[in-house]
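Asker: Build the full structure now, drawing on both the sequences and the hints.
Number of protein chains: 2
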Amino acid sequence: MSETPDPPVEGRGRGAGAASPEAGSAGAQAGPLDATVTPNAQLPQLDQSSLSALAEVGRRWGGCMPAREVWEHALPIDPGLDFADPQRSRAGRFVHIRSAGAQTDDDELEATVRAGQADSRTGRAAYALRRVLIGPALRSTAIAEERMGRLLALPVLSPDALSSVAYGPEAMMAILVLAGAGELKLSLPIGAALAVLMLSVGLGYRQVIRAYPHGGGSYIVASDSLGSQWGLLAGAGLIVDYILTVAVSVASGVAAVTSAIPSVASATVPIGLVVIVLLVAGNLRGAREAGAAFAAPTYLFVAAIALIVIAGLIKAASHGFHAAAPAPHRATEALGVLLILRAFASGATAMTGIEVISNAVPVFRPPEAAHARQTLSVMIGLLISMFVGVVLVAHFDGASPGRGQTVLSQIAHRSVGSGVAYGFVQLATTLVLLVAANSAFNGFPRLLYFMARDGFAPRVFLRMGDRLAFTNGILVLAVPAAVIYAGFGGQTSPLIPLFAIGVFLAFTLAQSGMVAHWWRHRERGWRSALATNLLGAVLSALVVVIAAITKFTQGAWLVAVLVPVIVWASRRVHDHYQRAHEALTPRPDTEEQAPPGRVAPPRLAPQVSERLAEAGDDPDEVYSFAVVPVAVLDLAALHALAYAVSLGQPVLAVHVSPTQAEAERFNRSWQAWGDHLPLEVVVSPYRATVAPLANYIAALHRQRPDVTLTLVVPEIVVAKPWQRLLHNRIAARLRAALVAYDGIVITTVPFHLPR
Amino acid sequence: MSETPDPPVEGRGRGAGAASPEAGSAGAQAGPLDATVTPNAQLPQLDQSSLSALAEVGRRWGGCMPAREVWEHALPIDPGLDFADPQRSRAGRFVHIRSAGAQTDDDELEATVRAGQADSRTGRAAYALRRVLIGPALRSTAIAEERMGRLLALPVLSPDALSSVAYGPEAMMAILVLAGAGELKLSLPIGAALAVLMLSVGLGYRQVIRAYPHGGGSYIVASDSLGSQWGLLAGAGLIVDYILTVAVSVASGVAAVTSAIPSVASATVPIGLVVIVLLVAGNLRGAREAGAAFAAPTYLFVAAIALIVIAGLIKAASHGFHAAAPAPHRATEALGVLLILRAFASGATAMTGIEVISNAVPVFRPPEAAHARQTLSVMIGLLISMFVGVVLVAHFDGASPGRGQTVLSQIAHRSVGSGVAYGFVQLATTLVLLVAANSAFNGFPRLLYFMARDGFAPRVFLRMGDRLAFTNGILVLAVPAAVIYAGFGGQTSPLIPLFAIGVFLAFTLAQSGMVAHWWRHRERGWRSALATNLLGAVLSALVVVIAAITKFTQGAWLVAVLVPVIVWASRRVHDHYQRAHEALTPRPDTEEQAPPGRVAPPRLAPQVSERLAEAGDDPDEVYSFAVVPVAVLDLAALHALAYAVSLGQPVLAVHVSPTQAEAERFNRSWQAWGDHLPLEVVVSPYRATVAPLANYIAALHRQRPDVTLTLVVPEIVVAKPWQRLLHNRIAARLRAALVAYDGIVITTVPFHLPR
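Chains A and B, in that order, are what the protein sequence lines are. Per my numbering, the very first residue in the first sequence carries number 18; after that it's consecutive. Per my numbering, the very first residue in the second sequence carries number 18; after that it's consecutive.
If you are wondering where the hints come from, they were derived from the structure by calculation, not from laboratory data. No residue lacks a Cβ here, since even glycine has one placed at the ideal position from N, Cα and C. Just so you know, not all the hints are guaranteed correct.
[Unchecked claim] Reference listing, derived: stretches of chain B covered by chain A, where coverage requires no fewer than 3 residues with Cβ under 8 Å from a Cβ of chain A:
(1) 659–665
(2) 764–771
[Stated by the list, open to error] Covered stretches of chain A, as calculated for chain B (at least 3 residues, CB under 8 Å):
(3) 511–523
(4) 658–665
Answerer: Set out below in structure tokens:
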């Protein structure tokens, strides 16, 4: 069910300097096909038309302010922090690096890992604690190009899919038993139908790999082929399902433990919550290095299922394949089409995670696509064998759900007894379920990253923590998952009706997207590919409809409400970002259409040129200067720069970049504008923004504590409180970080967004 | 137990313009003798030496900046908001008033009640809701000079004392019965001892009235005569006891209800919490108008006790004063000195509130002191009669505590049956207990006001809400009282051991203070007065010791821990304010001792004078101006003014005063400094600061929306987070209020406090 490999090992394209075919040059707009992750996405970029508007703005400014050399000459401090006593200025927090860009001959500063450390004693202690808990910070370049062979990729990418064998058959049988234990035999034909479904959807995803050889989840495929509206629908389905995956996998994993050790059954909820907390902690650390370790549980689980299935079948053969009668169970519902369909929809939960491999094609060693398709085929084969095997053995053993232990535990007892082998089966089951839950912690933040990159989710989901993990996405997944887990008392069965709808919605949209893709592109062999995807789409849609109708009153209504709500919220977020982007982007500045004072050049008192020149000649005569942090050279930044210039004091602009590529991009817009003011670029390879900026400004201040430093911060002011969540509150955070320094005056220049 | 009258009807002295003998002129420093309440206390004032230091600072500034006329001429807006289109500027929020001070010929602005209203739609709705819930805002001058005659003052000031008859005798008997029902007869001698104690303490407080004819609670008397350390101890005792008064009175009032209607006994806690919420709501509205209405319950209660006591004694006489045997009760503890002392200490809880009248002398019609002493004598007489009467009748009736109803309810049943008369007794008891709880809501915020005025409590307790109630004090009382009430399950008896220690600690310190006072002053008749107070002090101290020892393990240890903690916290608060005051107060500015840049005059570029003069001649040539809100002309404000001046733009200082007297005081310091810059004083008779300031600045901005308005806010930065609670965060609140206006740039000039 996960939209991402575990571990996610992208990094092709812009972030790492190498360009993926779709991404184009380092400065190109991220297209919907681009499934790479880079820290640059945080800073929106200016398109060609706004760059030329910027140039126009710059020309008008140039006419009414002193030349850059005058400004540079007037600065009472050295922006390069390169002066006599390194101890007092840089203190190991910044090092010089050669600029990658050709346009400027200044070298840049790079923030070291210590630049993220606050200056106060509590700040240092908090930093040390953080390092102990989640490990040393990682450079952006550590988004490595690790590739996996097929033998490693299979177990790493399949736990989500394979582990659902632990609860899928049981979920199906739990419905059938409602019509009495005698009807459990219907699990055979229904299981067969599910096997067909698995095969069809699996083949469909082989086609996805063919069309998106650089990886594409349902959100990306549907957005690309069907339009963003359908992509959002797929994304909303996946969001709901990631949350449920965590809840169901943890519940099911804990059930495997409580089946083996019934005495801890009363602590189900606390155990599960502790597991979720551990998963969060592990993922905040960035669990990528555990990749190989995570492979073991999958193989163990496959081995365990093989063990009990083979042992069970041998036993059944010795009885002439005569099925044992299941424990009697009073029928509470009549057998009918609806019940059978419900059982089918419940069993379909075993198919979550089938699409993971198609998202993760770049993870494979070349030829990626071919390897991925081979691995997917093996996984589908394993999934079908294990699923069918478990259904068969459960049938022969006469297992029936809901007797204080899981069906898997029952047939394990029957097949291998209650000794070491049984313990091994339960342990492997628990481990693979936890690994499956963990894969949601990789997939969910990545989905939100892509949605945020396209403006459909808050930008905080673009921010990678100092361990290259998406901190915010991890936390936003864990909280609702924990609430749902605890709210349902840690039980798997009441969660099953909510499950599956989201996954199959995503399946349907991805397969439909592929149908549209083949129809449009008509590459070699498009007809059979289209037919395969069409079958997958129709069958998946059927499951969505069946699940929605048969389980509506058992909880599916909640999904039916949540998915549209998520789509609606995403669209509101997108609308806001769109309006914000329009309001912030420089447009050609004609007298008639520009709102008063919008991009107007700064108004300077006469004689400022002379005064600045004099100030440069006698630095002791400078009493104050202004520093303007600029993230993107948009109208809010120009506003703040104009205000700073109008003060008639020396001005220094500072830009913090997560990567050198982004720094270069910023430099281009600065040059386009006309390079009117001194600029210092600080590259922050650990991606922190506020702390290195605050430390840099403090280092400037320490050079000349007698001179008042006015920090002029552009601040975006939203019209409605909820919109605050959509913007980094850099001004407020800088204020909090720099208020400790005497002699630093903090000015916020508000920029109001419409509505 | 309350340190204040109910309702508090002060307002003599500075606030109202009339000077009480101690307070001196309108600008005098509040001495410890000053027991008046005024909104001016929020703004600390400068003493003579800092005024002359200010003058010195001003002289140095004068040498290096343009004259005030130049600055005034340059302003692009009219600070008086007096321009063509009144609709757009003032919008009914500000009116002109003649300045009371003689030094300036400008008139001042007064903020109308609408100035407290925010501009946004939600702001207006919140304002309207507030007015509906707590009523229209009240002007500061509404701290009226209502005086009371003795017949009204008695019931208004005595509910706290008299109502304790409802639980005091029972508390005593609840201890005696532990030694078996037979020992309940000991309530007679112990009751007699308590009557002696009441008489002695009461006579002592008559002497307090003599010495402090303008009112003085234990905190003020002990601070004045024994030093602030002892005053703090008394204050800490009172703080604990106010909280317990609310909890015990509410618990006891609810018990009177549940005794009459046993079926609601299970809802004890919710009922009590609702009562506390209603008390908070009533007091936030400012319950002063209810004064006369609050008198009725007291008279009703006195009548009710008289009824049952007289009826009970007549009945007893008819049986030849033969005591009925109380219901048998198994002894769980042996009778001993310790048990008797514990019973004595528990009974002493009946004495809470005895000092209220001595705090409230200014409430009486003249001759205040004489009337207060007469009223106190009557109250003591009533208290002793009622207490002794209840103890006697309980003895004759053979009542014993703890049989599902209160002792008072038992003897009421015996004396007057179960009809209307019984209902009347229980109703009167409930009402008087609620009025007593209410009196804590008057006394506690006033105590914190005095402590805050002396720098021993956070300054937020000086702020009066727009209904003239001390909002913060009311809330800080209600929350712990509600927690304790609910934590003890709404029961009176487990709270009794915590009670009394605080009151008697305060009694002891007040009486000891009086001893010191008489010894020092030796006025006419000082010997007998000293003897009276000495006896009161010794007896009160004895009760403290007895209560602390005998009840230590039953909860008194909590009080023994809390009181020192409160004293310690108060001293830390005081230390911080002291250091802050030292750091903020202008001192003579010698080159050698001034820290760099501290009070240094602003450094201005050459030609600023000419530019400002030109700007005044052609207002369209002004692109920006600065507004500096100044609460007190301390170093933080001078810092901000210097920064604003150094920008070389026109500058306007704004001061918001709660009263005209305070405005005048501020004007004096402004004149002392040299009146270098344009100043606008806004009088805010509804005491709000931030909202009128924000609305005023918005009105300035609306005059010239094309001109950038830079708001330069002095911000006090503390070294430790907890100290933030001790300062109004005006800068942050202004920022939040003004961020909605495009074109207003907000600058904070930090001023760092040491440590």
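Asker: Counting residues of the segment 659–665 of chain B whose CB is closer than 8 Å to a CB in chain A, do you get three or more?
Answerer: holds (count 4)
Asker: For the segment 511–523 of chain A, do at least 3 residues have a Cβ located nearer than 8 Å to some Cβ of chain B?
Answerer: violated (count 0)
Asker: If you look at each residue in the segment 764–771 of chain B, do at least three have a Cβ nearer than 8 Å to any Cβ of chain A?
Answerer: holds (count 5)
Asker: Examine the segment 658–665 of chain A: at least three residues should have C-beta closer than 8 Å to a C-beta of chain B.
Answerer: n = 4 at 8 Å, threshold three: holds.
The structure shown violates just one earlier hint, number 3.
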